[in-house]
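So the protein sequences, as listed, match chains H and E.
By this note's numbering, the letter at position 83 of the first sequence is numbered 83, and the numbering carries on one by one without gaps.
By this note's numbering, the letter at position 214 of the second sequence is numbered 214, and the numbering carries on one by one without gaps.
It should be emphasised that the hints constitute simulated quantities derived from the structure, not laboratory data.
Don't take every hint at face value.
Unchecked claim - Computed, partial: chain H to chain E, Cβ under 8 Å: (1) 86; (2) 87; (3) 88; (4) 89; (5) 121; (6) 129; (7) 277; (8) 331; (9) 335; (10) 341; (11) 345.
To be verified - Some chain H residues flagged as far from chain E (calculated, every beta-carbon gap over 10 Å): (12) 7; (13) 92; (14) 109; (15) 234; (16) 274; (17) 332.
Stated by the list, open to error - Not everything, but these chain H residues come out facing chain E in the computed CB check (under 7 Å): (18) 4; (19) 8; (20) 10; (21) 57; (22) 101; (23) 136.
A quick note: this is a predicted structure, and the numbers were derived from the prediction, not measured.
Virtual Cβ for every residue (Gly too), placed ideally from N, Cα, C.
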Amino acid sequence: MKKYTLNIVFVLLCAGVVLASQYKLLDRYILTVLMLMGINIIFATSLNLVNGNMREFSCGHAGFACVGAYVGSVLSVLLFTANKYTGQPLLSPSLAPLLFPVIMLAAALVSAVFGLLVALPSFKTRDDYLAIITIAANFIIISIIENSEQIAEQIFGAKSFGTFINGSRGFSGMKRTVNAMNDVAHIPWMEIWVILGACFCVFVLYRLVTSTYGKGIDAVAQDEIAAEIMSVDTKRTKLIAFMVSSGLAGISGVLYAHIYGYVNASSFGILRSTEALVMVYLGGMGSLSGCIMAAIAFTVLVEALRPGLRFLNDNMHYLGMLPDGYEISEVWRWVIIPLILFLLMQFRPEGLLGNRELTHVFPKLKNWFTLR
Amino acid sequence: MDLFQEFLQHCVNALQWGSFYALIALGYTLVYGVLRLINFAHGDIFMVGAYIAYFVATFFLAQSGWGLTHIMVLILTVPLTMILTSMVGVGLERVAYRRLRRRGAHRLYVVITALMCGLILENGNLALLGASRKKFPDDLIEKVNWDFFGISVTNLKVLVIFAAVIVFVLLHFIVTRTRIGMAMRAVSWDKFALPLMGIPLDRVIVFTFALGSGTAGLGGVLFAMSYPVLEPYMGVMIGWKAFIAAVVGGIGDIRGAFVGGFLLAFVEVMVVFFGWSTLREFFAFSILLGILWVRPTGLFGTAPTTKI
Chain H
1 MKKYTLNIVF VLLCAGVVLA SQYKLLDRYI LTVLMLMGIN IIFATSLNLV
51 NGNMREFSCG HAGFACVGAY VGSVLSVLLF TANKYTGQPL LSPSLAPLLF
101 PVIMLAAALV SAVFGLLVAL PSFKTRDDYL AIITIAANFI IISIIENSEQ
151 IAEQIFGAKS FGTFINGSRG FSGMKRTVNA MNDVAHIPWM EIWVILGACF
201 CVFVLYRLVT STYGKGIDAV AQDEIAAEIM SVDTKRTKLI AFMVSSGLAG
251 ISGVLYAHIY GYVNASSFGI LRSTEALVMV YLGGMGSLSG CIMAAIAFTV
301 LVEALRPGLR FLNDNMHYLG MLPDGYEISE VWRWVIIPLI LFLLMQFRPE
351 GLLGNRELTH VFPKLKNWFT LR
Chain E
1 MDLFQEFLQH CVNALQWGSF YALIALGYTL VYGVLRLINF AHGDIFMVGA
51 YIAYFVATFF LAQSGWGLTH IMVLILTVPL TMILTSMVGV GLERVAYRRL
101 RRRGAHRLYV VITALMCGLI LENGNLALLG ASRKKFPDDL IEKVNWDFFG
151 ISVTNLKVLV IFAAVIVFVL LHFIVTRTRI GMAMRAVSWD KFALPLMGIP
201 LDRVIVFTFA LGSGTAGLGG VLFAMSYPVL EPYMGVMIGW KAFIAAVVGG
251 IGDIRGAFVG GFLLAFVEVM VVFFGWSTLR EFFAFSILLG ILWVRPTGLF
301 GTAPTTKI
């Protein structure tokens, strides 16, 4: 029984959160932060597969989340809600809770296909050039979505679908899908989906990293040519790593879109990619547990900076240390977040855990949980 | 005939934009050619240059007692901005890159550091100076509009193109004909043998950064004069495009950056000419992706040999 302790604690914790939101025991804001934590866990751990385990440098991760968010949102709006494009929902809204995982998987598949945009060039280029390719991919994806109207007109000869996606102004209507789910059964669906999604993502990554393919990924990270000689199919390995990574990022995008009920391509820009980088390098490259902890810590930090900066602003004004016309605004968050990564690179580039799992740091921990 | 005239007008604009891209791309390529480091903060150094030009110019214009005419203000602003901007670039090297270089850190860490420095510069500017846009004084030189067969060319455009060509010739001369240029080429050849030959590595690198950032500063002044509204994120897109230009030409090669800048500008202007103006970024980045995929060394670059 002892070896299931942490598993049981985790299940109880998740059940506690779900029950608390069901009976409105938790503040709406805290719940959103908790869900954001789950999304960030997916977002960071999926990037960790490429940046940490394979030691490639992808800094356009948000682009794939963007693809996932749009595909998932469009599907869920088309299928389950009355919309401007098809009028009536294509399927009965009562199917929404049943088919939502299918939508997540479909979005993940499409994101994985977009992952090819990076995976294929990675056969020939490495290091900083690949980094540029990922950033270019991020920009290209955002540009495609922002110009959906024009592109739809060029390709299909009609702009109605592009207008429906409404690239430059953002896409909404996912709240109605969530409402449709609530009509079937009034339980906190989104909380459940986020928890399940995060568990699924961590499980997939754990199984992948510890499998033979995972060893292949490690080999590619250490020395690609040597790996090739040792009969690792490097192209296949890279393809798998990039596609799994971008696919899981797509899942995080779907969840993100459904929690806020609104997506805009510009919120998946290079800044969001930077957030993922901060989380990965904070936790330690290639360390799944470190990445999860970093995602949690980072989410808390970002949210804590809001009141923190306001507090600082008020007190500095009170003490007369700031000129009257100047306010410490929330923009400082976007100075502090890159600054964290900057300092990390200067003083501890391998991250907090540095390629070790939590179980390597605390070996006794292994006796308390089971992960198969 | 009208269409042809419109086309030529677009070409003139392309030359102007190509000059901006070239001015920034030269900075990218100088640093890369010497250090094999992609200085992603370079676009933001350009932005800092434009802001410095704004502060310098408004400072001089405010000193009515000094009796400066507008053209004298311009003559003072350009070198001062270049010097101050190159100090920013050198400071960046000092604070961010030198430690990493000495420790022999992996290049990815350097790339991340550069990206973060760019974000810090942009957002720090936004946080410090506020979201209100600055308006660069646009009366430093009197606007003259020449008309060649229905194509309008302002003196400012001519100045910009002229400046880009001069800077290119100068940099090319420095790198290929002078002693310090020889030292710069030596750094890119073998960083470890260099100190043995009695060449001060740090001084060469500082000089490179100063040169590159000064060029970006000049670009900032000229850009601010042509498009007088300044905002903190103005350097992002133009910096990226200049980087694309440098890659197209073959990063590390001065001629490549110059040619690449004009090439990219012509492609973009053609995209606009055919009426897809919002897709400019899409095309620019697709070109980048394609080139990096098919021929990462660009037009003029040579592939580095890797030993197993």
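Against the structure, the hints come out as follows:
1. Violation of the interface hint for residue 86 of chain H is found here, the shortest Cβ-Cβ separation to chain E being roughly 27 Å, above the 8 Å cut-off.
2. Against a cut-off of 8 Å between C-beta atoms, the interface hint on residue 87 of chain H is violated, since the closest Cβ of chain E lies about 29 Å away.
3. A distance limit of 8 Å between C-beta atoms decides the matter here; for residue 88 of chain H the minimum to chain E is near 33 Å, and the interface restraint is violated.
4. Contact between residue 89 of chain H and chain E, as hinted, is not supported at the beta carbon level, the nearest pair being about 32 Å apart and thus beyond 8 Å.
5. At its closest, the beta carbon of residue 121 of chain H sits 4 Å from a beta carbon of chain E; the interface hint therefore holds under the 8 Å criterion.
6. Hint on residue 129 of chain H holds. Least Cβ distance to chain E is approximately 6 Å, under the 8 Å limit.
7. Against a cut-off of 8 Å between C-beta atoms, the interface hint on residue 277 of chain H holds, since the closest Cβ of chain E lies about 7 Å away.
8. Checking residue 331 of chain H against chain E by beta carbon gives a least distance of about 4 Å; that is within 8 Å, so the hint holds.
9. Hint status for residue 335 of chain H relative to chain E: holds, with the closest Cβ pair at about 5 Å, below 8 Å.
10. For the restraint placing residue 341 of chain H at the interface with chain E, the shortest Cβ-Cβ distance is roughly 5 Å, inside the 8 Å limit, so the hint holds.
11. This hint holds: residue 345 of chain H has a C-beta 5 Å from the nearest C-beta of chain E, less than the 8 Å allowed.
12. With a closest Cβ-Cβ approach of about 36 Å to chain E, residue 7 of chain H is found to remain outside the 10 Å limit, as its non-interface label requires.
13. With a cut of 10 Å on Cβ distances, residue 92 of chain H stays outside the contact zone with chain E, its closest approach being about 38 Å.
14. Every CB of chain E is more than 10 Å from the CB of residue 109 of chain H (nearest about 22 Å), matching its label as outside the interface.
15. Listed as outside the interface, residue 234 of chain H is consistent with that label: its C-beta sits roughly 14 Å from the nearest C-beta of chain E, beyond the 10 Å cut-off.
16. Listed as a non-interface residue, residue 274 of chain H fails to keep its Cβ farther than 10 Å from every Cβ of chain E; the least gap is roughly 7 Å.
17. Not every beta carbon of chain E lies more than 10 Å from that of residue 332 of chain H, the smallest distance being close to 5 Å; the non-interface claim is violated.
18. The closest approach between the C-beta of residue 4 of chain H and any C-beta of chain E is roughly 40 Å, which is over the 7 Å cut-off, so the hint fails.
19. A least Cβ separation of about 39 Å between residue 8 of chain H and chain E goes past the 7 Å threshold, and the interface hint is therefore violated.
20. Below 7 Å, beta-carbon pairs count as interface contacts, and residue 10 of chain H has none with chain E, the closest being about 32 Å; its hint is therefore violated.
21. Because the smallest distance between the Cβ of residue 57 of chain H and any Cβ of chain E comes to about 5 Å, under 7 Å, the interface hint for this residue holds.
22. Interface restraint check: residue 101 of chain H against chain E, minimum CB-CB distance 33 Å, threshold 7 Å, status violated.
23. Interface restraint check: residue 136 of chain H against chain E, minimum CB-CB distance 4 Å, threshold 7 Å, status holds.
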